[in-house]
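Student: Sequences listed follow chains U and A, in order.
First residue of the first sequence? That's 1 in this note's numbering, and the numbers climb one at a time after it.
First residue of the second sequence? That's 1001 in this note's numbering, and the numbers climb one at a time after it.
Watch out, some of these pointers could steer you wrong.
What the hints assert, rightly or not - Cβ-Cβ distance ranges computed for the label pairs, FRET-style:
| hint | chain 1 | residue 1 | chain 2 | residue 2 | range |
| --- | --- | --- | --- | --- | --- |
| 1 | U | E51 | A | T1162 | 26 to 36 angstroms |
| 2 | A | P1174 | U | A23 | 44 to 54 angstroms |
| 3 | U | E59 | A | M1167 | 49 to 59 angstroms |
| 4 | A | R1009 | U | T166 | 15 to 25 angstroms |
Source of the hints: derived by calculation from the structure; they are not laboratory data.
From the three backbone atoms N, C-alpha and C, an ideal C-beta is built for every residue, glycine too.
Listed below are the residues making up each chain.
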Amino acid sequence: MRESLRLVVSVLVTCMVAATGLALTYAVAAPRIEEQDRLAQERSLKAVMPEADGFDAVEDEELIKVATSAAEPATLTAIYRAKRGGSEIGWAVRVSSRGYGGPMHLVIGLDTSGSVTGVSILSMNETPGLGTKVLSEKWFLAQFVGLPPGFDDQDVRALDVIAGSTRSANGIRDGVAAAGRAYDKALQGREEAANE
Amino acid sequence: MSEWLRVFRQGLGLENPLTVLMIGLCATLAVSTQLQNALFMGVAVVFVLTMSNVLISAFRRQIPDQVRIPIFIVVIASFVTIVDLVMKGYVPAVYQVLGIWIPLIVVNCIILGRAEAFAYRNPVGLSIADGLGMGAGFCLVIMLLAFIRELFGTGRIVWFDTTLISMPAGYAPPSLLLLFPGAFFVFGLMIAASRWLNERMASVRAPKGGAS
């Protein structure tokens, strides 16, 4: 009895000490982590729409619902209104699509006419040196910029992929096509009137 | 002191965790596609390994034999989570490339293996030597493996978007090296090389072993 009590207590004490240590580390690191997440988000939005000086997350649930179903099979996770000097100049759409190594989280910028202003990769889990070519070969993401208003899945599929990283490149093409569909079905003409 | 050095050097050579003991291969083969990732993985492993060795060695008389494994795991997982949180908050650039591999350190058998085989039976000083030596041996091998795979698999070595070394133009990199079979091929050759080296060093140390 005494012996088994000793075992229980020793595991319990270890766990309590470990939990306390982790809680302390977390308390110190949490604000920094939040800050870094916010910065990363801001950078990725800025990257797809350099002219914008602010982004507001869309909270209109009806709009999000329509856009989400239009984006399937990719998953739409957020929509932002891109603003410049108070007036709306376009949209930033966050989607995740399926790559080779799991989901690829992308941000796609669209101007008010529906033309693509930029694509950036928030995070991905592709094979380093192969799948990650979609990021390191700069021309690949650049070719999406300027896809014309009203572009459809066919236009996206006509763009080049990279030999050796076909499935990663397809993941990104799927994501951009999904953003295009979301724009066509939901976002087009839904800009808010400029603040007087 | 000489005992300390001997333990430290064993991790590098004769008892190298990767090429001789062959533990912790899963994470090694997965992460060794880029030199940069391999280095940070190595540093994280050295930290976790040394810290858990110290703690387990310091409390080795208090830890009951029957529940030592759960206690080791809790200690190791805590240090890994600390590394994870600190990296996320303070070096996001590194975290972005390595993030998904950090939790894998928990299941890296090197760390549990050293806790069980060494730290639980030896004093703190020697456990530090073991942690640092085994960690350094891990670093050395994973970085060499990553260097070979990255250089010959992609044709160049990239360090945070800067190309350090590149193969001559016209070199068509076989992407096989970057995939898992390539990891096994290169690693197999490295084991052969390290055995040859260890044998040679042993025969240099004892030269009168020959027939003549």
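Student: Determine for every hint whether it applies to the structure shown.
Tutor: Cross-check of the supplied hints:
1. Hint check: E51 of chain U to T1162 of chain A, Cβ distance near 29 angstroms, so the stated range 26 to 36 angstroms holds.
2. Against the hinted window of 44 to 54 angstroms, the Cβ-Cβ separation of P1174 of chain A and A23 of chain U comes to about 49 angstroms, which satisfies the hint.
3. Roughly 52 angstroms separates the CB atoms of E59 of chain U and M1167 of chain A, a value that falls within the hinted 49 to 59 angstroms.
4. The beta-carbon spacing between R1009 of chain A and T166 of chain U, approximately 47 angstroms, falls outside the hinted interval of 15 to 25 angstroms.
When the structure is compared with the earlier hints, a violation turns up for hint 4 alone.
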